Amino acid sequence: MNPTVVKISDLKVHYPIRKGFFSFGKPQTLKAVDGISFELKEGEILGLVGESGCGKSSLGRAIIRLVDATSGKVDIQGIDFLALKGKALKAKRPQIQMIFQDPYASLDPRMTVFDILAEPVKAHMKLSSKELEERIKKYLELVNLPVKALKKYPHEFSGGQRQRICIARALILEPKIVVADEPVSALDVSVQAQILNLLKDIQQKLNLTMIFISHNLSVVKYISDRIAVMYLGKIVEIGSRQDIFASPRHPYTQALISAVPIPDPKTERNRVRVPLIGEIPSPINPPSGCTFHTRCPFAVAHCKEAIPRLENVAQNPAWQVSCWEANLV
Amino acid sequence: MKPILEIKNFQAHFHTRRGIVKAVDDISYQILPGETLGIVGESGSGKSVSQLSYLRLLPSPPLKIVGGEVLFHGKDLLKMTAEELRQVRGNKISMIFQEPMTSLNPYMKVGTQLIEPLLIHRGHSQEEAWKKGILELKRVGISDPEKAMSKYPHEFSGGMRQRVMIAMALTTDPELLIADEPTTALDVTVQAQILDILKNIQKQTKMAILLITHDLGVIAGLADHVVVMYAGRVFEKGTAADIFEKSQHPYSRALLKSTPRIDAIQTQLPVIAGTIPDLSKLPPGCPFYDRCENRMDICRSVFPPKKAIDPGHETYCYAEMSR
Ligand SMILES: Nc1ncnc2c1ncn2[C@@H]1O[C@H](COP(=O)(O)OP(=O)(O)OP(=O)(O)O)[C@@H](O)[C@H]1O
Ligand SMILES: Nc1ncnc2c1ncn2[C@@H]1O[C@H](COP(=O)(O)OP(=O)(O)OP(=O)(O)O)[C@@H](O)[C@H]1O
Ligand SMILES: [Mg+2]
Ligand SMILES: [Mg+2]
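Protein chains in written order, with my numbering: chain W, 1 to 329; chain X, 1 to 323.
Hint data in this document are derived by calculation from the structure and do not stem from the laboratory. Any given hint might turn out to be false.
With a Cα cut of at most 25 Å, we get these calculated SDA-like pairs of lysine to any residue [claimed, not checked]: (1) X:K306 with X:H214; (2) X:K203 with W:N270; (3) W:K152 with W:K176; (4) W:K200 with X:A273; (5) W:K152 with X:S280; (6) X:K131 with W:G278; (7) X:K246 with X:A264; (8) X:K199 with X:S103; (9) X:K2 with X:G67; (10) W:K200 with W:Q77; (11) W:K200 with X:H214; (12) X:K257 with W:N270; (13) W:K266 with X:D263; (14) X:K257 with W:E182; (15) W:K152 with X:G44; (16) W:K122 with W:L171.
Sample of chain W residues lacking proximity to chain X, with all beta carbon distances greater than 10 Å (derived) [as the list claims (entries may be wrong)]: (17) K73; (18) Q95; (19) V121; (20) V260; (21) I280.
It should be emphasised that the depicted structure is a prediction, and the values quoted were computed from it without experimental measurement. Cβ coordinates follow ideal geometry from the N, Cα and C atoms, glycine included.
Please take these sequences and the hints and turn them into a complete structure.
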């Protein structure tokens with residue numbers, strides 16, 4: 001069994017909400033991430049899914065310290081990453097990198113590809129100019145871009161090529177862990193497939209550990225080993241790809257999966273969906289008890305009152321669901 | 001049955017400083033009353049421009065309609081006066097777009113915007129129109145529609161705003177609804193709700209829906225007929241079964257194969273190499289030539305003529321594909 005490289009414990013991201021200028025009441029908080037724990041084994045891809053606003057990006061950003069966690073721990077190879085400061089932090093940072101959705105916004109339009117790739121290397125490593133160039137070329141090749149791309153600027157590339165540049169930049173410091181936040185959501189189907197295959201290849205080649213955030217369940221199914229389903233800042237179900245897609249136990253997981261359209265008219269027209277009423281409630285005043293009860297087709301009185309915890313399914317600690325009514329056998 | 005809308009050899013180009021962008025380059029298809037026609041194709045293939053141009057919703061210049069006919073009940077929309085077109089657009093032909101915020105006025109109450117077409121096109125009194133507005137909001141699944149009428153757009157979630165847009169498009173009981181990526185910005189759960197609403201309303205009113213999307217799954221669930229577009233051209237058209245099960249065009253097939261699906265385990269996605277070409281520098285032949293696995297020499301010089309496969313199933317490709 002591969003060693004655990006990431007261990008997240010009871011992580012919380014609460015944003016303070018500033019109400020109107022003249023409102024004096026108690027300051028409110030928005031609980032974007034509200035007590036999340038999970039582990040990642042080396043070389044594993046965890047897919048993180050859930051509706052818009054459920055806290056996926058906040059979780060990803062808190063892990064790499066782009067936003068401050070309110071509380072909780074992120075252990076990376078046994079080191080408490082969130083507690084690191086100064087030099088120790090600078091030394092550890094390269095090991096954990098992020099890829100974003102929008103390859104347009106995340107590249108400086110005034111820098112050439114060479115400079116974009118050289119920047120992180122210069123900040124973290126002492127290399128001769130020859131070594132620097134070799135390294136840059138190696139990573140350019142890894143993402144299948146030609147050497148002549150080095151002299152060009154971001155606007156000279158298509159969306160898919162720009163995402164390749166972002167991937168090369170994220171990998172050039174040889175991170176152990178990559179958080180990819182909707183990396184293919186802005187891309188067309190044909191380009192999306194190219195980037196997904198590239199990410200999968202590279203992940204295997206470099207034995208990367210990855211958190212892959214997406215609202216697209218078909219994409220997540222294709223790329224992930226394990227899946228975590230989030231709802232209003234909490235994980236409601238987590239398990240292997242096989243288990244989650246073959247026999248989802250949480251009604252929310254079931255509803256999400258059944259809502260994904262299938263590109264086959266015969267199948268798609270004869271599907272029975274798990275109906276979901278309404279939309280995700282505001283995380284400022286989340287519902288009581290199980291926060292999903294307001295939309296759950298199976299909710300009973302108890303669900304309104306008591307908060308469920310993650311429990312093992314089929315006595316398998318790698319498959320957990322948080323639902324009072326779920327079948328745990 | 002006579003088609004409600006018939007597009008014949010329609011061409012619309014942008015004349016820009018960079019050159020002529022052939023966004024819509026000789027497309028033909030039709031839509032029958034009560035049916036749903038799905039238009040698929042990757043970003044930039046001309047799906048939106050092909051509708052917006054004949055509805056005169058794009059600034060001209062740079063847009064220039066180069067040729068063809070767009071017949072609505074047999075009358076050419078391209079030849080109508082501005083006033084005649086206004087009688088049709090937003091009335092018998094309604095539209096919903098992807099981003100509701102850009103089509104809703106943020107400073108006007110939802111109700112006021114919703115009933116505007118009724119006041120303009122139907123000559124309803126304010127009171128009559130307001131009542132109909134409430135019914136429309138109810139029909140698209142908005143709870144407490146009376147209260148919703150007096151709210152402003154920003155007080156709604158994305159899904160609710162899209163419902164308001166649909167309600168607005170439906171107030172005049174259009175015969176044709178053009179829905180351009182109506183659910184692309186929404187979560188799948190909300191998308192499923194909205195598509196159900198559209199299906200139910202279509203069942204009751206028999207309106208035709210022209211549904212533009214890049215999501216093949218959405219098309220599979222709704223469309224009776226499908227048009228596959230690429231680089232301003234129609235590559236293939238047919239019934240949903242023709243396109244999804246018996247496609248005879250390498251692009252349609254490749255697109256379908258490269259789509260991740262939730263009902264399958266895919267170990268490797270077959271990809272289409274490269275990207276869509278620059279529409280201002282199109283080669284003379286088939287614009288898919290560079291990326292096509294079935295390309296032949298002739299494809300490079302002359303765009304393929306129409307090839308009939310079955311009644312209603314047509315492709316534009318020289319290659320003989322296995323069936
Ligand atoms: N900096 C911030 N300040 C206050 N609230 C925030 C901030 N960032 C995010 N939020 C709120 O936190 C919640 C979770 O947001 P987050 O972006 O993490 O969700 P997400 O799951 O990534 O959604 P999406 O799928 O739309 O990207 C949302 O209600 C959002 O409005
Ligand atoms: N005002 C304009 N001037 C020049 N070119 C334009 C203009 N508007 C659109 N185009 C070009 O026309 C082509 C077709 O665009 P269109 O918006 O119809 O594509 P689409 O199929 O709807 O794509 P998407 O899926 O991204 O909505 C694109 O190449 C686009 O860049
Ligand atoms: Mg996000
Ligand atoms: Mg469009």
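- Report the numbers of all earlier hints that the structure fails to satisfy, in ascending order. 3, 20 and 21
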